[in-house]
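2 protein chains.
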Amino acid sequence: MEKTYKELAPPQRILLGPGPSNVDPRVLRAMSMPLVGHLDPYFLEIMDEIMELLRYVFRTGNRLTIPISGTGSAGMETCLVNLVGEGDEVVVGLNGFFGQRMSEIVRRCGGTPIEVKAAWGAALNVESVEKALAESNAKIVALVQAETSTGVLQPLSDISRIIKNHDALLLADTVTSLGGVELEIDQYGVDISYSGTQKCLNCPPGLSPITLNERTIEFVKDREGKIQSWYFDLNLIEKYWEADRFYHHTAPISMIYALREALRIIYEEGLEKRWAQHLEASRALIKGLNAMGLETLPTKNNLPSLTAVKIPEGVSDLNVRKTLLNDFNIEIGGGLGELKGKIWRIGLMGINACERNVILVLEALERALRKEGLSVKPGEGIAAAMEAFEE
Amino acid sequence: MEKTYKELAPPQRILLGPGPSNVDPRVLRAMSMPLVGHLDPYFLEIMDEIMELLRYVFRTGNRLTIPISGTGSAGMETCLVNLVGEGDEVVVGLNGFFGQRMSEIVRRCGGTPIEVKAAWGAALNVESVEKALAESNAKIVALVQAETSTGVLQPLSDISRIIKNHDALLLADTVTSLGGVELEIDQYGVDISYSGTQKCLNCPPGLSPITLNERTIEFVKDREGKIQSWYFDLNLIEKYWEADRFYHHTAPISMIYALREALRIIYEEGLEKRWAQHLEASRALIKGLNAMGLETLPTKNNLPSLTAVKIPEGVSDLNVRKTLLNDFNIEIGGGLGELKGKIWRIGLMGINACERNVILVLEALERALRKEGLSVKPGEGIAAAMEAFEE
Numbered sequence: 591m592e593k594t595y596k597e598l599a600p601p602q603r604i605l606l607g608p609g610p611s612n613v614d615p616r617v618l619r620a621m622s623m624p625l626v627g628h629l630d631p632y633f634l635e636i637m638d639e640i641m642e643l644l645r646y647v648f649r650t651g652n653r654l655t656i657p658i659s660g661t662g663s664a665g666m667e668t669c670l671v672n673l674v675g676e677g678d679e680v681v682v683g684l685n686g687f688f689g690q691r692m693s694e695i696v697r698r699c700g701g702t703p704i705e706v707k708a709a710w711g712a713a714l715n716v717e718s719v720e721k722a723l724a725e726s727n728a729k730i731v732a733l734v735q736a737e738t739s740t741g742v743l744q745p746l747s748d749i750s751r752i753i754k755n756h757d758a759l760l761l762a763d764t765v766t767s768l769g770g771v772e773l774e775i776d777q778y779g780v781d782i783s784y785s786g787t788q789k790c791l792n793c794p795p796g797l798s799p800i801t802l803n804e805r806t807i808e809f810v811k812d813r814e815g816k817i818q819s820w821y822f823d824l825n826l827i828e829k830y831w832e833a834d835r836f837y838h839h840t841a842p843i844s845m846i847y848a849l850r851e852a853l854r855i856i857y858e859e860g861l862e863k864r865w866a867q868h869l870e871a872s873r874a875l876i877k878g879l880n881a882m883g884l885e886t887l888p889t890k891n892n893l894p895s896l897t898a899v900k901i902p903e904g905v906s907d908l909n910v911r912k913t914l915l916n917d918f919n920i921e922i923g924g925g926l927g928e929l930k931g932k933i934w935r936i937g938l939m940g941i942n943a944c945e946r947n948v949i950l951v952l953e954a955l956e957r958a959l960r961k962e963g964l965s966v967k968p969g970e971g972i973a974a975a976m977e978a979f980e981e
Numbered sequence: 591m592e593k594t595y596k597e598l599a600p601p602q603r604i605l606l607g608p609g610p611s612n613v614d615p616r617v618l619r620a621m622s623m624p625l626v627g628h629l630d631p632y633f634l635e636i637m638d639e640i641m642e643l644l645r646y647v648f649r650t651g652n653r654l655t656i657p658i659s660g661t662g663s664a665g666m667e668t669c670l671v672n673l674v675g676e677g678d679e680v681v682v683g684l685n686g687f688f689g690q691r692m693s694e695i696v697r698r699c700g701g702t703p704i705e706v707k708a709a710w711g712a713a714l715n716v717e718s719v720e721k722a723l724a725e726s727n728a729k730i731v732a733l734v735q736a737e738t739s740t741g742v743l744q745p746l747s748d749i750s751r752i753i754k755n756h757d758a759l760l761l762a763d764t765v766t767s768l769g770g771v772e773l774e775i776d777q778y779g780v781d782i783s784y785s786g787t788q789k790c791l792n793c794p795p796g797l798s799p800i801t802l803n804e805r806t807i808e809f810v811k812d813r814e815g816k817i818q819s820w821y822f823d824l825n826l827i828e829k830y831w832e833a834d835r836f837y838h839h840t841a842p843i844s845m846i847y848a849l850r851e852a853l854r855i856i857y858e859e860g861l862e863k864r865w866a867q868h869l870e871a872s873r874a875l876i877k878g879l880n881a882m883g884l885e886t887l888p889t890k891n892n893l894p895s896l897t898a899v900k901i902p903e904g905v906s907d908l909n910v911r912k913t914l915l916n917d918f919n920i921e922i923g924g925g926l927g928e929l930k931g932k933i934w935r936i937g938l939m940g941i942n943a944c945e946r947n948v949i950l951v952l953e954a955l956e957r958a959l960r961k962e963g964l965s966v967k968p969g970e971g972i973a974a975a976m977e978a979f980e981e
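For the protein sequence lines, the chains are P and U, in the order given. Just so we're on the same page, this note's numbering is the position in the first sequence counted from 1, plus 590. Just so we're on the same page, this note's numbering is the position in the second sequence counted from 1, plus 590.
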């Protein structure tokens, strides 16, 4: 007998991992709107609005502020492949998994990463970035504002000043911050940045919003050698998003609908209110975790959208995550790279950054830890978190 | 006063251009299902099913048959970037816009395209491909089965035999054929192929299904030098789709839901029935166009999913397309590259390959041409098309 494929019926998860996050029903509804062509007058209007709304969440006046047709990693590759050519040195901040990935991509562009290191769980310090710039010919500094692998928020303003002194460009990964964590592209002096849709924007994965200023656009145009990627060549992509609307590739229409709706929700709600909600929820979560005897990986510079928690001695990473998923329909993330098996990653992103989810994840964790033989006093985590919310 | 962004309300277009095509409501509904994580047990099942269903439409047993997280052009780049390195010669078929694009990407990979030419509107001939192979060191032949820019269907079986004789690999672009036009990856001897979702599969744009056989996988693994793209590196992507499920990038969950549903519809309906519907609809369309005095660009090897029609002398390309869009909500495509202003491209793809759309586009064209001052006898096109449907 032939195999039959059942109707799609995904379980209703509470997505508190490193992304994707849950998606507002309005965004799901936007995706179910009928398609138009990628050069349809209606779609061209949508593209203009997407650019405006992305400028709003990035806090930038940058003309070239657009979604790349791929996930966050495609955005990373887009930025690097346009900036870096054979033999170029690039200062890369290495304090987590995504810094490592940037280093790897720099190498694939034929460049040499000058790696500035900090412990996984700490932020980079300004002095080591300055030293790397002084001792190399690098004209680009690439670092991660929101390290999803460690839960560290990298302060950018001081580093940006140093970079300007060396006449270099600052490339910042804002995948896990955009729309949820304080980010001021223009005020911080970030020259180019890429993000993702499936984190604090509460949009499905599949697009990578990027922004770059005129100085960076000039840098890309003046670079020697051809950009090695055709799909990610910003000189070509720009022409489709600018007045010409010159065909490059077929835009992912439904995903663009989704992103517009996700951005519209943030615009209506107010970006600063969002930032405050993320801060409030993560502070309450950390208080709750601490009250249960759990420690966060970073001792400072905690990323509001993602909290990395150390797994207590003797507790099985996988068992706990399975309990959360099977008994509570809650997804949290495990560790990546050298932190595999050592931390959990709890994301409270966008609409997920709320009291209800803090309560649920603390209760679920408490039960899972008890199942693992740990003695956790009932309700202490939640009590501490609720107190924090009421402050 | 602050700008407000209106609710999304796209016009209901009949999408008879080169893609995107219209999407079945079932596919739109699938996209509005709640998200799960990209490593969720439920999603891993969906991934297995996607691979099975893609093997069904590609007519292949290839293990590595997966969607790439980008549009059709991303699939093109994925194939070439994994096969072609510095100094490699690649035979590229050049008889349309997308062959040109392949040539361009080969160059960006550091390779040298050995271009085999035919007129835009004709298929490549076997002898010139053989000659190019004999006179070069090329180990890859890249060509377009379904040239969306010219409406030509390239026969593959004979060319494939020649290529095998030279121990080379055949890479075929099947963006506009998959799911609508006869395609037998294994039987034709195609070694690697990429496609798109927004054509005969009636799924929104944003994914590129690809398939490659073991011989090609070995070729990629044994290649000298690093694959220049990280995002498109098949060695890494394979690990996420294989048993390991090793994290590479966050899969575009909602698009994968959509693709599964689109493939499920074809699976339920039967692939061969689909092929027959496309053939029938395109033959009727061409009879109708001819009866109205219009000629197709190809004189043979007509691509069933896309018909290229010559624009009659003195008729404005843009005016006619505007009339179709504004008066009938019908989108058709203009020409690309050297065919700009010279042809229209009418796509009857997937669920759009039906009697109703043939009638509508013929009636709309008739009226638009009359508006342009051409004397077209009322109803002759439709009458001829209906006759063809009844044969």
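Misleading hints may appear alongside valid ones.
Where chains are identical, the list cannot tell them apart; a pair therefore holds if satisfied intra-copy or between any two copies.
Derived EDC-like pairs: lysine to aspartate or glutamate, alpha-carbon spacing no greater than 20 Å straight-line [unchecked claim]:
#1 K754 x E679
#2 K729 x E859
#3 K900 x D614
#4 K596 x D757
#5 K816 x D678
#6 K816 x E717
#7 K932 x E592
#8 K932 x D776
#9 K729 x E679
#10 K816 x E980
#11 K721 x E858
#12 K930 x D630
#13 K729 x E635
#14 K754 x D812
#15 K721 x E953
It is worth saying that the hints were derived from the structure and are not from the lab. Quantities reported herein were computed from a predicted structural model and do not represent experimental measurements.
Okay, the hints, checked on the actual structure:
{"no.": "1", "hint": "K754 x E679", "result": "within (17 Å within a copy, 43 Å between copies)"}
{"no.": "2", "hint": "K729 x E859", "result": "neither (38 Å within a copy, 57 Å between copies)"}
{"no.": "3", "hint": "K900 x D614", "result": "neither (30 Å within a copy, 47 Å between copies)"}
{"no.": "4", "hint": "K596 x D757", "result": "neither (58 Å within a copy, 42 Å between copies)"}
{"no.": "5", "hint": "K816 x D678", "result": "both (14 Å within a copy, 17 Å between copies)"}
{"no.": "6", "hint": "K816 x E717", "result": "neither (34 Å within a copy, 33 Å between copies)"}
{"no.": "7", "hint": "K932 x E592", "result": "neither (45 Å within a copy, 47 Å between copies)"}
{"no.": "8", "hint": "K932 x D776", "result": "neither (36 Å within a copy, 46 Å between copies)"}
{"no.": "9", "hint": "K729 x E679", "result": "within (7 Å within a copy, 34 Å between copies)"}
{"no.": "10", "hint": "K816 x E980", "result": "neither (56 Å within a copy, 55 Å between copies)"}
{"no.": "11", "hint": "K721 x E858", "result": "neither (43 Å within a copy, 63 Å between copies)"}
{"no.": "12", "hint": "K930 x D630", "result": "between (47 Å within a copy, 17 Å between copies)"}
{"no.": "13", "hint": "K729 x E635", "result": "neither (36 Å within a copy, 45 Å between copies)"}
{"no.": "14", "hint": "K754 x D812", "result": "within (19 Å within a copy, 44 Å between copies)"}
{"no.": "15", "hint": "K721 x E953", "result": "neither (46 Å within a copy, 71 Å between copies)"}
Consistency with the previously given hints fails for numbers 2, 3, 4, 6, 7, 8, 10, 11, 13, 15, ordered from lowest to highest.
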